Each structure stands twice: as C-alpha cells, then as structure tokens.
Amino acid sequence: MSVSIGELAVRFGCELRGDPGVQVERVASLAQADAQSVAFVANPRYRAQLAATRAGVVVLDEASAAACPVAALVCANPHALFARIAAVLHPAPAGPPGVHPSAVVAADAVLDPSAHIGPLSVIGSGVVVGARAYIGPQCLLEDGVRVGEDVRLVARVTLCRGVTLGERSIVQPGAVIGGDGFGFAQEAGRWLKVPQTGSVRIGADVEIGANTTVDRGAIEDTVIEEGAKLDNLIQIGHNVRIGAHSALAACVGVSGSTSIGRRCMIGGQVGIGGHLSICDDVMITGCTMVSHSVTRPGVYSGGIPLEEAHTWRRLVGRFKRLESLAQRLKALERHFVSAQDLEEDDD
Amino acid sequence: MSVSIGELAVRFGCELRGDPGVQVERVASLAQADAQSVAFVANPRYRAQLAATRAGVVVLDEASAAACPVAALVCANPHALFARIAAVLHPAPAGPPGVHPSAVVAADAVLDPSAHIGPLSVIGSGVVVGARAYIGPQCLLEDGVRVGEDVRLVARVTLCRGVTLGERSIVQPGAVIGGDGFGFAQEAGRWLKVPQTGSVRIGADVEIGANTTVDRGAIEDTVIEEGAKLDNLIQIGHNVRIGAHSALAACVGVSGSTSIGRRCMIGGQVGIGGHLSICDDVMITGCTMVSHSVTRPGVYSGGIPLEEAHTWRRLVGRFKRLESLAQRLKALERHFVSAQDLEEDDD
Amino acid sequence: MSVSIGELAVRFGCELRGDPGVQVERVASLAQADAQSVAFVANPRYRAQLAATRAGVVVLDEASAAACPVAALVCANPHALFARIAAVLHPAPAGPPGVHPSAVVAADAVLDPSAHIGPLSVIGSGVVVGARAYIGPQCLLEDGVRVGEDVRLVARVTLCRGVTLGERSIVQPGAVIGGDGFGFAQEAGRWLKVPQTGSVRIGADVEIGANTTVDRGAIEDTVIEEGAKLDNLIQIGHNVRIGAHSALAACVGVSGSTSIGRRCMIGGQVGIGGHLSICDDVMITGCTMVSHSVTRPGVYSGGIPLEEAHTWRRLVGRFKRLESLAQRLKALERHFVSAQDLEEDDD
Numbered sequence: 352m353s354v355s356i357g358e359l360a361v362r363f364g365c366e367l368r369g370d371p372g373v374q375v376e377r378v379a380s381l382a383q384a385d386a387q388s389v390a391f392v393a394n395p396r397y398r399a400q401l402a403a404t405r406a407g408v409v410v411l412d413e414a415s416a417a418a419c420p421v422a423a424l425v426c427a428n429p430h431a432l433f434a435r436i437a438a439v440l441h442p443a444p445a446g447p448p449g450v451h452p453s454a455v456v457a458a459d460a461v462l463d464p465s466a467h468i469g470p471l472s473v474i475g476s477g478v479v480v481g482a483r484a485y486i487g488p489q490c491l492l493e494d495g496v497r498v499g500e501d502v503r504l505v506a507r508v509t510l511c512r513g514v515t516l517g518e519r520s521i522v523q524p525g526a527v528i529g530g531d532g533f534g535f536a537q538e539a540g541r542w543l544k545v546p547q548t549g550s551v552r553i554g555a556d557v558e559i560g561a562n563t564t565v566d567r568g569a570i571e572d573t574v575i576e577e578g579a580k581l582d583n584l585i586q587i588g589h590n591v592r593i594g595a596h597s598a599l600a601a602c603v604g605v606s607g608s609t610s611i612g613r614r615c616m617i618g619g620q621v622g623i624g625g626h627l628s629i630c631d632d633v634m635i636t637g638c639t640m641v642s643h644s645v646t647r648p649g650v651y652s653g654g655i656p657l658e659e660a661h662t663w664r665r666l667v668g669r670f671k672r673l674e675s676l677a678q679r680l681k682a683l684e685r686h687f688v689s690a691q692d693l694e695e696d697d698d
Numbered sequence: 352m353s354v355s356i357g358e359l360a361v362r363f364g365c366e367l368r369g370d371p372g373v374q375v376e377r378v379a380s381l382a383q384a385d386a387q388s389v390a391f392v393a394n395p396r397y398r399a400q401l402a403a404t405r406a407g408v409v410v411l412d413e414a415s416a417a418a419c420p421v422a423a424l425v426c427a428n429p430h431a432l433f434a435r436i437a438a439v440l441h442p443a444p445a446g447p448p449g450v451h452p453s454a455v456v457a458a459d460a461v462l463d464p465s466a467h468i469g470p471l472s473v474i475g476s477g478v479v480v481g482a483r484a485y486i487g488p489q490c491l492l493e494d495g496v497r498v499g500e501d502v503r504l505v506a507r508v509t510l511c512r513g514v515t516l517g518e519r520s521i522v523q524p525g526a527v528i529g530g531d532g533f534g535f536a537q538e539a540g541r542w543l544k545v546p547q548t549g550s551v552r553i554g555a556d557v558e559i560g561a562n563t564t565v566d567r568g569a570i571e572d573t574v575i576e577e578g579a580k581l582d583n584l585i586q587i588g589h590n591v592r593i594g595a596h597s598a599l600a601a602c603v604g605v606s607g608s609t610s611i612g613r614r615c616m617i618g619g620q621v622g623i624g625g626h627l628s629i630c631d632d633v634m635i636t637g638c639t640m641v642s643h644s645v646t647r648p649g650v651y652s653g654g655i656p657l658e659e660a661h662t663w664r665r666l667v668g669r670f671k672r673l674e675s676l677a678q679r680l681k682a683l684e685r686h687f688v689s690a691q692d693l694e695e696d697d698d
Numbered sequence: 352m353s354v355s356i357g358e359l360a361v362r363f364g365c366e367l368r369g370d371p372g373v374q375v376e377r378v379a380s381l382a383q384a385d386a387q388s389v390a391f392v393a394n395p396r397y398r399a400q401l402a403a404t405r406a407g408v409v410v411l412d413e414a415s416a417a418a419c420p421v422a423a424l425v426c427a428n429p430h431a432l433f434a435r436i437a438a439v440l441h442p443a444p445a446g447p448p449g450v451h452p453s454a455v456v457a458a459d460a461v462l463d464p465s466a467h468i469g470p471l472s473v474i475g476s477g478v479v480v481g482a483r484a485y486i487g488p489q490c491l492l493e494d495g496v497r498v499g500e501d502v503r504l505v506a507r508v509t510l511c512r513g514v515t516l517g518e519r520s521i522v523q524p525g526a527v528i529g530g531d532g533f534g535f536a537q538e539a540g541r542w543l544k545v546p547q548t549g550s551v552r553i554g555a556d557v558e559i560g561a562n563t564t565v566d567r568g569a570i571e572d573t574v575i576e577e578g579a580k581l582d583n584l585i586q587i588g589h590n591v592r593i594g595a596h597s598a599l600a601a602c603v604g605v606s607g608s609t610s611i612g613r614r615c616m617i618g619g620q621v622g623i624g625g626h627l628s629i630c631d632d633v634m635i636t637g638c639t640m641v642s643h644s645v646t647r648p649g650v651y652s653g654g655i656p657l658e659e660a661h662t663w664r665r666l667v668g669r670f671k672r673l674e675s676l677a678q679r680l681k682a683l684e685r686h687f688v689s690a691q692d693l694e695e696d697d698d
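Chains as they are written, first to last, in the numbering used here: chain A, 352 to 698; chain B, 352 to 698; chain C, 352 to 698.
For the record, the hints were derived by calculation from the structure and aren't laboratory data. These numbers were taken from a predicted model, which means no experiment stands behind them. Beta carbons are placed, not taken as given, at the ideal position from N, Cα and C, and that holds for glycine. Please note: incorrect hints may appear among the correct ones.
[Said to hold, decoys possible] Partner residues are not named here, just some residues of chain C that face chain A (Cβ under 10 Å, in silico):
1) C511
2) G529
3) G530
4) Q537
5) V545
6) N562
7) T564
8) E571
9) C602
10) G622
11) G625
12) C638
13) A682
Please take these sequences and the hints and turn them into a complete structure.
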C-alpha cells in the first residue's frame, strides 16, 4: 500500500508542511523510519528525537512542528491521526468472502455473503454473521451466536451458545466468551452446579484480548457496553457489567455481579470483588485490590512498590507488629500527656 | 421444556403452596420472571423483592414463604433446589451419540457408543471415553487419555497425553490439562528442561474453568480430588494436590508441589507458593499471598483495600518509613520510661 | 525404552558405582522407584530417603553417594544429569514426518520434509517450518510465520502472522504469540485502535507455557531472547524485551515496552509496570508489584504474607491509620524532646 502524504492531509483534514507528492508505505518509529515511512510524536518527551529522523513524514502537533526536519502532518491529536494513517497503510488481513471448505457450518446458519469464515471453524445452528465480518481460522460460534457487521474474530475465538457481539468488535485469539459462570449451591458439604442460563451481550466497537474469559450470566446476561477495551488474560465473572468506553489492562479479575461504570481505566492485575459498583470515570492503578464499591470519580490505588528483599523483610516485620507499635505509643501517651488530647484516633 | 410445579414438588420432595397445575418453562430473576418462570429467594436480603414478582412459582424457605404472593416451593435449601430445577428446565446442550465426521479419531480409541464426539475434535491412540460423555467441538484428547461417564468437555478443551478425568466432571473451553510443568535444572547459566513424566488425575464431579491450566507432574501425578471446583484462568503447578470439594476462584495461582486440603475456599487472585501445605477447611480471601503453610482451619487474609491515590501514596510513604518510626518510638521510650517495661516486643 | 546404567555412565561421562548391566526403563521418585527406575537426590534434605529406596540406580553427588544402598551415578549436578537421563528414557512424543491429511496448508508454505504437521492444524501463506519440527494438533501458524529446526508446538498453539520462533523452542497448548498489543489513542472520549504493526521474535531454546500470551509490537517487535523460560498464563505486553536465560513463573504480567535483563528470575503473579527497565541478574519474589525500574542486581520483594483474618483486619486498620500514628508520635516528640533531634525523618 502506497499513498502520497498530500492525499493523507486531504483525507484526514490536517495541515501538511512539505512536499505533498512524497509517497509513504508503512509506519515506523522516529529512529527506524526511512523515506517511505510515517512516524509520529505525541509526547513532548520524544520531540528531541525529531532532529535525527529520516522519516518521509512525521505526524505531530503545532508545538512540535518547528523542530521537524522533514515533512510534517500537523494536527491537534497526533496519536489518533497516526492510528488512522496506520490503518490505511496496514489494513487488517482480510479473507475472501465465503466459507472455507474445511469449516463446519450448520445448515440454518445465516452468513452474510460478504463475510469470511476461516478454515476449520465451526458455526452452529441459528448463528447469524453480519456483513464483512471476518471469522478467522479455528473459531467456534456455538448455536444461536450473533455477530454484527465488520466484526473481526482474529483466530481460535470461542463464542458459546447465544452470545452476541456488536458491529466492528474485535476478539483476539484464545478468548472464551460465554463459558459457564462459577455458580454452585452448597448441599451437604458438596457443591451443586447451578446451571448458568444467562448469556453475554457485547456492544459495538469492543475489543477483547487474547485468552480473556467472559462468563455467561447466571440468570440474566453479562454485559460489556460499546467501546470497552479488554486486554489479555482478563476474567469477567457472571453478571458483570462493564460500562461504555472503559479500558481494562491485562490480568484483571472482576468477580461476579460487579458493575464498572463508563470511561473507567483499570490497571493491570487489579482484582475486583463481587457485587460491587464502581462509578463512572474511575481510574484504578495496577495491582490494586478492590473490596468495596467506589462512588466518587477519581484515581485509586492499593499496591506497594518493591524493595530490596532485606529491606522489605524488615518492613513486613514492622508491619506485622503495628498493633504492638500502636499499643506502645498509646502507653507512652498515657504516661506523659493528658489522654483526651491524643487518644481520639485510637481504639 | 415445560413442567408443572406439582411435578417439581413431587420429584424433589418439597412442599408446594399453590396450584400444582401451573406450567413453568424457564428460570428467571424475581424481577424479570413471568408466569412461566421459576424464581428463588435464598438470601433474606432479597425477600423484599417478593412482593412485586410475577413468577409462576418461587423456590424459598419457610421463613420467606409467608411473603410470597404467588405459588411457592418451600424447602430447607432454596439455592440447591433452584439449581436442580434449573437443570431440569435448561439441560446442558447434548450432541447426538457418535463421532462427527470431521473429527479425527485414532483407530484404537475406545469410545462408548452413547458418547458424543464433536466436530473437528482429535482423539488420540488408546483414548477411552465413557458412556454419555459429551466431547464438544475442537477438543483434543491426546494419546492415553481416559474420561469417565457423563463427562462434559464444553469445547476446545485440551487433555494432554495420559490425563484421566472422573465421571460427571465438566471442563470449560480453553482449559489445558496436562501441559508440561515448569521444571528446569540449572547448568552453566542455562536452563535444562526436566522432562515432565507424571500426568494429571482428576476425580469425579470436578469442574475446571475456561482457560485454566493444570500442569502434569514432574515424576508423580498432579491430583485434583472429587468435587473440587476451579474457576477460570487458574494455574495449578506440577504435583499440586487439590482436596475434595475445595473451590478456587478465578486467577488463583498454586505453585508446584503444594497440597490444598478438603473443603477449602480460595478467593480470586490468591497466590500460593510452592511446597506448602494448606490443611482442610481453610478459607483464604481474595488477593492474598500465601508464602507459608496453613495448619489450622480458619479464615485467612492478606490484601489491603484501595484508597484514593493521594491518601494511598501517603500511607505507602509512611509504610516505607516504618523502620524509622519504630526507631523514633524506641528512642522516646528510652528517654522517658524504664526500658524493661516497654521494649519487650522490639528487636 | 530400556538402557543399561553402564551405557548412561559412558554417555554422560559420570562415575558409576554398581553393576553396569542394570537395565532401567523410567524415572521415578526415590519412594516409588523400582528396580527398573532411575531416581535422583539433588537436595541434601532428601538424602535421608535414600536408605529405603528400591531404585535401580540413583543419580546423586559425591556427598550423598555414601548413603546410597543401590547403584549410583555420581556427578556434580545431579538435577541436570537426571534431566538428561529422563529425556533419553521419556522422549517427547514424535509424529511421523509430513502433513496430516486433515491439516490445511497454504500452497506456498515451505515445510521441511522431516517436520510433522499434526491433524487439523492450519499453516498460512509463506510459512517456513524447519527440520524435525513438531507442529502438534490444532495449531495455527498464520501467514509469514517462521519456526526453526526441532521446534515443538505441543498442541493448539497460535502463532499470529509474521512471528518467528528459534530452534528447539517449545510452546505449550493454548499459548497465543502475536496477538495485537493493547494500543489505543484517545479521541473525543473514545478509544481508537492503533494498528499493531510490529511482530514477535523469539530466540532459540525458549519455552512458553500453556495459555500464555505474548503480544506483537506496536511498531517495532516484541522480543524474547534465547533460553528464556515462561510458565503458564503469563502476559507479555507489546514491545517488551525478555533477556536471555531469564525465567518467569506463572501468572506474571509484564506491561508494554518494559525490558527485563538476562538471567532474571521473576516469581509467580509478579506485576511489572510499563516502560520500565529491570537489569540483568535480578530476582523478584512472588506477588510483588514492580512500579519502578531496577538498576542493581539482587533480590527484590513486595508481598506481605497472610494472617488469620481477624489479625489481618486489625493490621489493615492500623495501616490505614499510619498517618495518624506518625502524627501522634511527632506530637509526643514535640512535647518532650528537642525537635531537631528526632524529626529529621518526618515530613
């Protein structure tokens, strides 16, 4: 794919400084770009690297433009414009319309003729696949699954019975959407499986990462709203709701029946308990344990950074004796000051 | 599937209050139930919702029965009875007996004629599949695998060579049972793979969640006893033993050679070190690090709940200076009280 | 497979004490070994078990040899020698050279005639597979993938387009190498996907665990150097670099653009932030949060061991009031000692 930077400027409505006839073919980093490459600067920290770049054109904002020694596409949001240009130069691999002969497709599945069904995929009874959808190799769409237009299941995606996936959503390999929720009743010291009769509804423009698991609801559905982005190896329990445009980094676990609001950002390895509610516009930094609901927008944390092991062991020792430390302080206070002045905080 | 609530009362030996001829077809929540739905109340917190329900029948205990405006199935354990009724109304999808023509089956595999082998599954040499087992689409049973009667491999399950799985056990999509344990010998600054020659033995009535991994033993077997329930994205290292009827929530990691007792409950994202022993009847709450053995039944914890980031940063700063805080307290004590009274706890 | 212990001694250049004609067929633990078994003692802790062993031969070092009641193979590194003997007695299952008829292979794939392509695997356009490679059942090698000689993809491995894998590397089932990195630009309150145009390059002698995910680079490649070992359910973000001979235990998450040095050892469930640098020869114990770079070799920690829930709750309560505790101590100091002596550490 080759395109002139003049065409890019017109197509995306941004200002071009330089020769519109320059042809570009790929994206690259500032350091590795050649004359056929598009690079970008979104963070002023990287502006110093501009001087040495040999890119065909650099996408940047007004503040960086003066420092650019090559052609520049000047815009307010260089990262977003770069993403759009990358999508032009590096379109996602497409497959030919139609069903690969090795796929196993139920007679009553309704597949848009423009959709691609990859090799060794299995399409169950009553499945509906929208226009231009890409169902990669070795995918499984169980009975009753519905996927919208322009959906992209990269490869080896499992959509269990009845799951719905909105248009333009993308699922990476190994993801399992609609496995049974973890629901058991106790009876005489044993666990009795509670059939999970809900499903999973996923909105438009959602992305689900590799080997992520989204459980079907116990009775009602698990829901992921439009525009939410889930990284790899995330666990979403039954009857969870993820609000629109929220982003969850890798290895997050969300326990059953918890609701996360819109535009939240959840850092890696965050663990969120069950039956909680996180309001809109909450950011939680990585490795945090969330054991109560969050009702005010803001940034929340719960992880303690590493130390050299020797130092850390001493700190943990001190932590484990905090009760004693507090008692000792209280004793000192009792001996030397009037109790009512200093003990208010103590129990 | 439609059944009268009179039949349900007879079948499960519980008391019916209401018209036995009411026909029900599905389960539903109290709020969404219609006249063909069965709902339930197991927790008194939800009793208030009874007033507005339009369910055909509600499963509940004696204490809730008086508040029920519709027919009631009265029993001592409503959650368990609800589970049993749900299994009647929503049986797990079955497949026709026999082998799908697209499956690849070794000539010497021994498949019960009543078992179902789904499309694009691979069945290795010497595999044994019991009566009424359901092997879903795209599963892999490597050489020598044995699965018992009424087993259910939902889809895309990997059972590596020699793994055994007891009757009625269920494995969700993407689970990998019997991958190599993480065993390496150090030699001249490199890692030398130690062949993992053990296998995995899984008892009856076990459930294994989506994308969970259970490693084969280094020499002897990894063992999961009957009735244990493992949620999604759990890692079970080589030579671990999980006791009967224990339940592990999602994202738990259990390191090699650790033994977990019977009837334990392990919360989400708990990390358990290697070569440890957790006794029977231990509950560990979510996000806990387990770095030593647990020898007494009880409840254990290790996670610290989140705070607003600003507050948390101050707390972490205080934590990192705990050593100094303790030294300052000690200095005060030395100045003002007799040392022998207060320093016993200090090192 | 049966071999005499005399042959083993010659082959591996170690000292044999005992009858060279003893035939062995398998490895076993000291406790379960019979006369056809090879056992080993690498850790002096297990030396006491020697007395009761019925093994055909035991691999051990000079210090343990005197206590061995049966034949002994004496060497400096018993664990490594045991690994080599186990590889002789228990070779990894091989497949016949050639392509299984159920596999789907692009016409222009270049497959060494000695390579095995298992049932229901998919091999894309331009793929290159080296000599003696074992591509197990249900694997996917997308367009442009290159795997070296003697590679072993156990089963159901996904290598996305363009990924390269060095010779002798092993990938366990369910691993996904080359899924899209988690890259999005913000634009008007929504996330815009940034095409991930880099790939993944994996060196020789690497092992990747079951259901582990390694994301492709955003622009440049994600890199795993030779000899690195990754356990199960690990997440490697885009543009991460893992240095040679480093070992990562299960459930570790490494965020994007972070570099880990050579010969590092990362414990289970460690979470490592993005854009960090961990130098060579760093060991990080399990459950640690790494939120800043590590520039000196050594051992680092960050997890706090569990307590009984009651005790833990009190400790957490004390932790949450650390600020108040510190203020109270400061107040005491102010009342009773000269401020300049004791307040240096306080803010």
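Please write out, lowest number first, the hints stated earlier that are contradicted by the structure. No numbers; nothing is violated.
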